[in-house]
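Participant: Residue numbers (my numbering): 410 to 676.
These aren't lab readings, by the way, just hints derived from the structure by calculation.
Note that this is a predicted model, so its numbers are computed, not measured.
Check the hints yourself; a few may be wrong.
When the alpha-carbon atoms are kept at most 20 Å apart in a straight line, the in silico SDA-like pairs for lysine to any residue are as follows [stated by the list, open to error]:
#1 511 - 585
#2 601 - 617
#3 485 - 513
#4 605 - 631
#5 541 - 412
#6 605 - 670
#7 456 - 433
#8 479 - 411
#9 488 - 448
#10 460 - 470
#11 561 - 499
#12 472 - 439
#13 605 - 542
#14 456 - 511
#15 479 - 450
#16 561 - 647
#17 561 - 631
#18 634 - 562
#19 634 - 645
#20 605 - 667
#21 561 - 500
#22 634 - 557
#23 472 - 443
#24 479 - 441
#25 460 - 433
#26 561 - 639
#27 456 - 446
#28 511 - 446
#29 605 - 573
#30 488 - 557
#31 541 - 448
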Amino acid sequence: PVFFPGGDIGKLSVCGTINDLAVSGAEPLYLSSSFIIEEGFFIKDLKTIVKSMADEAKKAGIKIVAGDTKVVDRGKCDKIFINTSGIGFLYPERKNISTGDKIQVGDKIIINGSIGDHGIAILAARESLHFKLDLESDCASLHHLIGEVLSKSSGVKFMRDATRGGLATVLSELAENREYGIDLEETAIPVKENVKGTCEIFGFDPLYMANEGKVVMVVGNSDEKEIIDVLKRNPLGKDSAVIGEIVDSHHGQVALQTEVGGRRIVD
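Using the sequences and the hints, build the whole thing.
Facilitator: So, in structure tokens, the structure goes:
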């Protein structure tokens, strides 16, 4: 849906590109945007979307410097498509963050809050759920939060925003073909009760639900406490938690220790 609890496609397009830059260790600077708009799309809705983009860019301290607009025949587009791209400055000492090449056994895995909020908020908007769901998307720009961490600690070895495919996909891709495994503790992973309940009703797993305001970090064992303290001082990181560890077993795989004491592979 174009509009959803906690945001709209405009805010999402800005936050998504900012976060892609930020989790690579870069400082986002400039964005471009292009619109493909279906004939008949309401001007008032377009104005709302553009204002959301402007507001989010201003709040994030980012400039939208270029854009393009195309209108297509009715039926050739699902209301509106927005594409954004961005440029940032990458400090040389942060160039390994996007690759995870410095990760070692014993490093800790951190997430900055509850998972699945965006996926369930979108589900609620798309399916017009008939039961009350007090939940908003977590859509947010994370570069200020990430910048605070990187300015205080050099212990961040990997970051990725857990968007499509969720936490499980990020960690599975990280572990693939590596000489280490990842252990996750299910009870340590923040999941809101209404997200958990809705997932149970529809048969979804919160680990795979999309997020738009969550960053997964792998940090040095000795840096864990300092980084958690920095994250928790920011509203976007108040529910941050250590959820797992890099281990010298089941290489290339992610293993989840479940609430009931079992163990399963996450792929």
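Participant: For residue 605 and residue 667, compute the direct alpha-carbon distance and say whether it is at most 20 Å.
Facilitator: holds, 14 Å
Participant: Assess, step by step, whether the Cα of residue 561 is no farther than 20 Å from the Cα of residue 639, and give holds or violated.
Facilitator: holds, 8 Å
Participant: Under the criterion that the straight-line Cα-Cα distance not exceed 20 Å, is the pair residue 472, residue 443 satisfied?
Facilitator: Holds. Residue 472 to residue 443 sits at ~15 Å (cutoff 20 Å).
Participant: Holds or violated: residue 634 with residue 557, Cα cutoff 20 Å?
Facilitator: OK: residue 634 and residue 557 at ~14 Å, within 20 Å.
Participant: Check the hint pairing residue 511 with residue 585 against an upper bound of 20 Å on the C-alpha distance.
Facilitator: Between residue 511 and residue 585 the Cα gap is close to 15 Å, so the pair holds against 20 Å.
Participant: For the pair we were handed, residue 605 and residue 573, check the Cα-Cα distance against 20 Å.
Facilitator: holds, 18 Å
Participant: Does the alpha-carbon distance linking residue 561 and residue 631 stay inside the 20 Å limit?
Facilitator: Holds - the C-alpha atoms of residue 631 and residue 561 are around 14 Å apart, at most 20 Å.
Participant: Would the hint linking residue 541 and residue 412 be met if the CA-CA limit is 20 Å?
Facilitator: holds, 18 Å
Participant: Checking one constraint from the list: CA of residue 601 to CA of residue 617, max 20 Å. Satisfied?
Facilitator: holds, 15 Å
Participant: Decide if the proposed pair is consistent with the structure: residue 472 and residue 439, CA atoms, cutoff 20 Å inclusive.
Facilitator: holds, 5 Å
Participant: Holds or violated: residue 511 with residue 446, Cα cutoff 20 Å?
Facilitator: Answer violated: residue 511 to residue 446 is near 44 Å, above 20 Å.
Participant: When you check the alpha-carbon spacing of residue 479 and residue 450, does it fall within 20 Å?
Facilitator: holds, 12 Å
When held up to the earlier numbered hints, the structure conflicts with 3, 4, 7, 14, 25, 28, 30, 31 and fits the remainder.
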